[in-house]
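S.K.: Chain residues, written in single-letter form:
There are 2 protein chains.
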Amino acid sequence: MSEMVNVALDAMGGDNAPGEIIAGAVDAVGKRDNITVHLVGDHDAIQNELKKYSYPEGRIKQVDSTEVIETGEPPVMAIRTKKDSSIVVGLNLVRAKECDAFISAGSSGAVLVGGQLIVGRIRGVERPPLAPVIPTKKGVSLLVDCGANVDARPSHMLQFAKMGSIYMEYVMGVKNPKVSILNIGAEEEKGNALVKETYPMLKTCPDINFGGSIEARDIAEGEADVIVCEAFAGNVALKMYEGVGNVLLSEMKGAMMATPFTKLGALLIKKSLKETLKRFDATEYGGAPLLGLNGLVVKTHGNAKRKEVSNSIIQCISFKEEKINDRIKEKLDI
Amino acid sequence: MSEMVNVALDAMGGDNAPGEIIAGAVDAVGKRDNITVHLVGDHDAIQNELKKYSYPEGRIKQVDSTEVIETGEPPVMAIRTKKDSSIVVGLNLVRAKECDAFISAGSSGAVLVGGQLIVGRIRGVERPPLAPVIPTKKGVSLLVDCGANVDARPSHMLQFAKMGSIYMEYVMGVKNPKVSILNIGAEEEKGNALVKETYPMLKTCPDINFGGSIEARDIAEGEADVIVCEAFAGNVALKMYEGVGNVLLSEMKGAMMATPFTKLGALLIKKSLKETLKRFDATEYGGAPLLGLNGLVVKTHGNAKRKEVSNSIIQCISFKEEKINDRIKEKLDI
Numbered sequence: 027m028s029e030m031v032n033v034a035l036d037a038m039g040g041d042n043a044p045g046e047i048i049a050g051a052v053d054a055v056g057k058r059d060n061i062t063v064h065l066v067g068d069h070d071a072i073q074n075e076l077k078k079y080s081y082p083e084g085r086i087k088q089v090d091s092t093e094v095i096e097t098g099e100p101p102v103m104a105i106r107t108k109k110d111s112s113i114v115v116g117l118n119l120v121r122a123k124e125c126d127a128f129i130s131a132g133s134s135g136a137v138l139v140g141g142q143l144i145v146g147r148i149r150g151v152e153r154p155p156l157a158p159v160i161p162t163k164k165g166v167s168l169l170v171d172c173g174a175n176v177d178a179r180p181s182h183m184l185q186f187a188k189m190g191s192i193y194m195e196y197v198m199g200v201k202n203p204k205v206s207i208l209n210i211g212a213e214e215e216k217g218n219a220l221v222k223e224t225y226p227m228l229k230t231c232p233d234i235n236f237g238g239s240i241e242a243r244d245i246a247e248g249e250a251d252v253i254v255c256e257a258f259a260g261n262v263a264l265k266m267y268e269g270v271g272n273v274l275l276s277e278m279k280g281a282m283m284a285t286p287f288t289k290l291g292a293l294l295i296k297k298s299l300k301e302t303l304k305r306f307d308a309t310e311y312g313g314a315p316l317l318g319l320n321g322l323v324v325k326t327h328g329n330a331k332r333k334e335v336s337n338s339i340i341q342c343i344s345f346k347e348e349k350i351n352d353r354i355k356e357k358l359d360i
Numbered sequence: 027m028s029e030m031v032n033v034a035l036d037a038m039g040g041d042n043a044p045g046e047i048i049a050g051a052v053d054a055v056g057k058r059d060n061i062t063v064h065l066v067g068d069h070d071a072i073q074n075e076l077k078k079y080s081y082p083e084g085r086i087k088q089v090d091s092t093e094v095i096e097t098g099e100p101p102v103m104a105i106r107t108k109k110d111s112s113i114v115v116g117l118n119l120v121r122a123k124e125c126d127a128f129i130s131a132g133s134s135g136a137v138l139v140g141g142q143l144i145v146g147r148i149r150g151v152e153r154p155p156l157a158p159v160i161p162t163k164k165g166v167s168l169l170v171d172c173g174a175n176v177d178a179r180p181s182h183m184l185q186f187a188k189m190g191s192i193y194m195e196y197v198m199g200v201k202n203p204k205v206s207i208l209n210i211g212a213e214e215e216k217g218n219a220l221v222k223e224t225y226p227m228l229k230t231c232p233d234i235n236f237g238g239s240i241e242a243r244d245i246a247e248g249e250a251d252v253i254v255c256e257a258f259a260g261n262v263a264l265k266m267y268e269g270v271g272n273v274l275l276s277e278m279k280g281a282m283m284a285t286p287f288t289k290l291g292a293l294l295i296k297k298s299l300k301e302t303l304k305r306f307d308a309t310e311y312g313g314a315p316l317l318g319l320n321g322l323v324v325k326t327h328g329n330a331k332r333k334e335v336s337n338s339i340i341q342c343i344s345f346k347e348e349k350i351n352d353r354i355k356e357k358l359d360i
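Those protein sequences? They're chains A and B, same order as listed. Take 27 as the starting number for the first sequence in my numbering and just add one per residue. Take 27 as the starting number for the second sequence in my numbering and just add one per residue.
The following block holds chain A by itself, in its conformation from the complex (with noise of 0.2 Å):
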């Protein structure tokens, strides 16, 4: 059998806890068999909810916690005064390496924040990346980053080519993945300062396959499978798409109910339909990993239901079994 993953998990965090978040948990362990789950929150809430499903002995485990950091709070301050909270007694686990990973649909910045602060950087990263996996017509790409790191440097940028395309490869399973930059053109004399200085550092970077500049058009068209940007441009993609993508669908959904022959329509291409729009569903593909951690620390959607926690549990595996960490070390010359 191969090795025991330790996932620490925040029971406490995002719109639907404890409940979804905990029913992730029973479903990640009933599917496979090297993860153990330490649930992380309040010791009764979290066995209300346990009590309600049977899983394998042992392979959900409780870590009390008291306190909840909440969605509004300034993270550095919640991170440093909050010691009993979910998400730092979670870090803590992976810090004291009694884990492989912690996961949180909680508050994006502390989770942010106290994932360089707790379980700290791999020496020699400088900045540490969110790096969510979107759904595009081809399949998924990754968006690398996207709200760790506003007014990122070149040198930055490069790192985050080489671990957003050593996860895209071992993680995602993309072979030898192409890494382009997210541009206002497709010509390399186009750009803003940052991607002007960045673009010839990609260009001649053994380490990547890479494919020049992307433009956000052509991101849902599956044109790249790791796409460099700093945080601020990544995040503002990554909010389009969910917006765009969210205001289509209602609208849509409003046409297919306006009227008894449209609702009729709607019924006979709902199937159909369903199954298109699941590709699309970034649900489907886990959270976001902090990449270049001495541990993994991954970002679940604050709105996170039982079957994205359950995907986010178990791309912990391949994270460890492919040794990311390791393999981040060596392309990085650490």
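Some hints here could point you the wrong way.
Identical copies go unnamed one by one, so any copy, or any two together, can satisfy a pair.
[Claimed, not checked] List of simulated lysine-lysine pairs, DSS-like, C-alpha gap at most 30 Å:
#1 Lys-163 to Lys-78
#2 Lys-204 to Lys-279
#3 Lys-279 to Lys-331
#4 Lys-216 to Lys-331
#5 Lys-296 to Lys-279
I should point out that these hints are in silico values taken from the structure, not numbers from a laboratory.
Chain A is fixed; fit chain B onto it per the hints.
M.R.: Positioned in the frame of chain A, the structure of chain B alone reads:
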């Protein structure tokens, strides 16, 4: 009768030139009495199209030019060397005050550079932004800047806010438009250095109705009327909007055409769906103005068809009648 508005139109620019461009001109002069269109381009090519239509005597004029700037050409060089291109000749008509506006579906770069070099900035305008109107759940919003000036400074952003607010109110008819700054979180302390420096300037500006930060996720929801952003982020937002829309619609079309059942279903919802999607069709709202020039310069989509061309021409009326440039001078204290 109101004063005649003279619009120079690049008959050679864009994927559908000259056919759709000229059709749009014919539509516009048919709809409004106070427009004269000056078609700039190859004499014979324009003649061949024009003879297909009847239109009010003297309301479409021809201005010959012999060169065309292609999309791939470096813009500055192209503007300097192709003196007899449709873009340069058209912009010169605005510079000479023979026309009030110039519209092109051709090279964005050449239109932006040419607008500044030939038509020139209003004295005091630091950087003229490109400000496309995008459809939202609640109507339309203006994204300013979307690609004219990368690496903007806070003082530029403040001008974008004022000019965008004026355009939205007096050309698009949105009373007291809500102006928000594109950001990666809703709180005032969020953002990159540029946003953090710009935010308080917008907050204390008496000339705009400032609504704080907007996340990209809320743009399509219509949460702001004017969205102020640096050109790189704005371009990413705009193109992500277009790209996600295209991919989702094409995938849904595929799902509807999958089987005889789904085809029947599609037939039943077609009309309702078309009406909904029409609201999200950017071509309904005309092209993107380049604000802050000594005249109006409008860039339409490269694939613009007659409707977008016609709508762009008609927008020039409000721009002139509402004396947008006088209002800009006043608000910028020029």
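S.K.: Flag every earlier hint the structure violates by its number, smallest first.
M.R.: 1
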